[in-house]
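Sequences listed follow chains A and B, in order. Residues 1 to 276, numbered by the working numbering, are exactly what the first sequence covers, in order. Residues 1 to 276, numbered by the working numbering, are exactly what the second sequence covers, in order.
Just so you know, the hints here were simulated from the structure itself, not pulled from any lab data. Note that the structure is a prediction, hence the values are computed from the model and not measured. Check each hint, because a few of them may be wrong.
Any copy, or any two copies together, can satisfy a pair, since identical chains are not distinguished.
[Said to hold, decoys possible] Derived pair list, reagent style BS3-like, types lysine-lysine, alpha-carbon separation capped at 30 Å:
#, residue 1, residue 2
1, K11, K44
2, K13, K155
3, K30, K13
4, K27, K133
There are 2 protein chains.
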Amino acid sequence: MNRQQLIHQIKTKKTFLCVGLDTDINKIPKHLLSLENPVLAFNKQIIDATKHLCIAYKINTAFYECLGIKGWQTMIDTLNYIPENIFTIADAKRGDIGNTATMYAQAFFDIQASGMSFDAVTVAPYMGADSVKPFLAFADKWTILLALTSNESGKDFQFIKNDDGFLYQQVIKKANQWANPNQLMYVVGATRGQAFEDIRKIAPHNFLLVPGVGQQGGSLADVCKYGLNADCGLIVNSSRGIIYAGADENFANAAHTEALKIQQEMEVELAKIFEV
Amino acid sequence: MNRQQLIHQIKTKKTFLCVGLDTDINKIPKHLLSLENPVLAFNKQIIDATKHLCIAYKINTAFYECLGIKGWQTMIDTLNYIPENIFTIADAKRGDIGNTATMYAQAFFDIQASGMSFDAVTVAPYMGADSVKPFLAFADKWTILLALTSNESGKDFQFIKNDDGFLYQQVIKKANQWANPNQLMYVVGATRGQAFEDIRKIAPHNFLLVPGVGQQGGSLADVCKYGLNADCGLIVNSSRGIIYAGADENFANAAHTEALKIQQEMEVELAKIFEV
Numbered sequence: 001m002n003r004q005q006l007i008h009q010i011k012t013k014k015t016f017l018c019v020g021l022d023t024d025i026n027k028i029p030k031h032l033l034s035l036e037n038p039v040l041a042f043n044k045q046i047i048d049a050t051k052h053l054c055i056a057y058k059i060n061t062a063f064y065e066c067l068g069i070k071g072w073q074t075m076i077d078t079l080n081y082i083p084e085n086i087f088t089i090a091d092a093k094r095g096d097i098g099n100t101a102t103m104y105a106q107a108f109f110d111i112q113a114s115g116m117s118f119d120a121v122t123v124a125p126y127m128g129a130d131s132v133k134p135f136l137a138f139a140d141k142w143t144i145l146l147a148l149t150s151n152e153s154g155k156d157f158q159f160i161k162n163d164d165g166f167l168y169q170q171v172i173k174k175a176n177q178w179a180n181p182n183q184l185m186y187v188v189g190a191t192r193g194q195a196f197e198d199i200r201k202i203a204p205h206n207f208l209l210v211p212g213v214g215q216q217g218g219s220l221a222d223v224c225k226y227g228l229n230a231d232c233g234l235i236v237n238s239s240r241g242i243i244y245a246g247a248d249e250n251f252a253n254a255a256h257t258e259a260l261k262i263q264q265e266m267e268v269e270l271a272k273i274f275e276v
Numbered sequence: 001m002n003r004q005q006l007i008h009q010i011k012t013k014k015t016f017l018c019v020g021l022d023t024d025i026n027k028i029p030k031h032l033l034s035l036e037n038p039v040l041a042f043n044k045q046i047i048d049a050t051k052h053l054c055i056a057y058k059i060n061t062a063f064y065e066c067l068g069i070k071g072w073q074t075m076i077d078t079l080n081y082i083p084e085n086i087f088t089i090a091d092a093k094r095g096d097i098g099n100t101a102t103m104y105a106q107a108f109f110d111i112q113a114s115g116m117s118f119d120a121v122t123v124a125p126y127m128g129a130d131s132v133k134p135f136l137a138f139a140d141k142w143t144i145l146l147a148l149t150s151n152e153s154g155k156d157f158q159f160i161k162n163d164d165g166f167l168y169q170q171v172i173k174k175a176n177q178w179a180n181p182n183q184l185m186y187v188v189g190a191t192r193g194q195a196f197e198d199i200r201k202i203a204p205h206n207f208l209l210v211p212g213v214g215q216q217g218g219s220l221a222d223v224c225k226y227g228l229n230a231d232c233g234l235i236v237n238s239s240r241g242i243i244y245a246g247a248d249e250n251f252a253n254a255a256h257t258e259a260l261k262i263q264q265e266m267e268v269e270l271a272k273i274f275e276v
């Protein structure tokens with residue numbers, strides 16, 4: 001999905017919500033556990049209940065890898081179940097050099113090689129250009145680079161500062177030289193409200209993937225106040241707050257209710273930037 | 001495998017070589033391609049030819065992930081084929097927070113969950129303590145944290161400097177507060193010869209996993225001169241230089257010859273620190 005198609009989806013559906021499929025077999029409703037593949041059954045019901053309210057799904061690869069072969073198959077089956085016109089993100093946070101990075105890109109982008117073709121993958125910047133450019137070589141795909149993460153200890157290194165600014169600012173400035181906003185997004189945590197204003201100065205046009213709304217304490221209003229640009233420019237993720245909203249047979253309805261609540265807030269925000 | 005067992009293996013086998021199983025189906029000898037699983041057949045012959053000359057195998061997960069389910073199964077089968085007394089490293093460079101990091105740790109450490117139990121996994125530091133400590137919670141396992149990588153663009157961010165030193169130095173100093181050298185190693189590229197001296201000042205006892213000897217241009221002599229400590233303290237990896245030493249039916253012999261050459265150099269170096 002390219003930038004124009006993504007913006008079109010946001011305008012049409014009046015939402016920039018991403019639902020995070022961080023599906024933990026220990027947290028899903030107990031009645032599903034007797035099924036052949038409880039995680040897949042859960043994901044399908046969540047997708048059915050939320051697909052009209054979101055423009056993206058983010059699959060956290062760790063939750064599937066930890067189940068070995070069966071988990072990897074569940075990831076493929078989940079991806080295949082997501083409707084064609086919804087943006088798909090492999091939240092894999094990969095980071096390795098040259099040829100190895102190309103292999104990771106194939107794992108998530110090349111359906112012939114791996115059985116999967118996501119629209120985007122999250123990538124870590126520590127190893128520099130070598131570890132990011134191979135993902136950018138897939139011209140019709142997106143790279144979402146970690147910049148300023150939502151977790152408390154994100155500040156351990158991301159806030160290291162010298163005359164060129166904070167590390168996370170230097171990551172954004174350098175990566176902007178590698179690709180344009182049609183291919184490159186940044187991860188910026190919702191808990192970093194005040195930093196959005198600074199980030200918009202150095203990345204005015206890039207979409208930002210924003211985790212940390214809800215359970216992690218970030219405010220959607222703050223994120224929008226400082227982060228929205230003329231094309232929306234935000235994909236705001238909620239995982240636990242939506243998928244674990246209910247713990248019984250009605251979990252999908254509960255997820256729908258939570259997603260609807262967020263979509264309605266987003267519709268109000270979008271009305272400020274788009275003619276409706 | 002704990003630290004004492006690792007040191008015992010190094011002394012007994014007179015080597016600190018790690019063979020990197022970065023097995024690319026496009027680079028293995030053509031005669032293997034008619035087999036049911038060419039990558040697995042290649043890995044088994046490489047292991048048979050080198051297991052007396054190395055103390056560790058490093059599986060680069062990207063090369064298996066890019067083949068989807070079949071690749072993941074090949075990774076499990078390769079790991080199972082490695083003899084019990086050889087240290088195994090999942091070179092996965094994972095980095096995510098809290099619960100997600102625990103899932104990644106399970107993927108590589110918990111055989112009940114995922115079918116795999118490596119001795120160690122490589123981890124990226126960008127997201128800070130949250131993304132490293134969950135791996136360290138597996139007390140009988142090792143975390144190998146990226147510090148100073150061998151690739152050219154490693155300097156994009158790792159050499160960012162302020163009054164507290166370079167980023168890679170700050171990573172090491174901070175991580176030393178999270179775990180002791182019985183659980184924590186660092187990745188330091190062989191191409192960073194002069195930096196080893198500085199790193200030994202802040203990490204005198206940690207083992208260092210050293211890629212970049214051979215194809216990437218690093219010198220084993222330099223690495224040893226500045227990097228060896230009283231327990232050896234080095235695991236030096238070679239991947240392409242060994243596994244692709246030959247391109248025909250004799251590839252395993254060629255790999256043996258290359259590994260033997262490195263082992264013999266290492267034996268000379270070890271004689272300088274251990275009574276033999």
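Verification of the hints:
1. When the C-alpha separation of K11 and K44 is checked against a cutoff of 30 Å, the pair qualifies only within one copy, where the shortest distance is 25 Å, while the shortest distance between copies is 54 Å.
2. Taking CA atoms no more than 30 Å apart as the test, K13 paired with K155 passes in neither setting, with 35 Å inside one copy and 43 Å between copies.
3. Proximity of K30 and K13 under a CA criterion of 30 Å is satisfied in neither setting, with 33 Å inside one chain copy and 52 Å between copies.
4. For a Cα distance limit of 30 Å, the shortest separation of K27 from K133 across copies, 22 Å, qualifies, whereas the shortest one inside one copy, 37 Å, does not.
In summary, the structure is inconsistent with hints 2 and 3 from the numbered list given earlier, while agreeing with the others.
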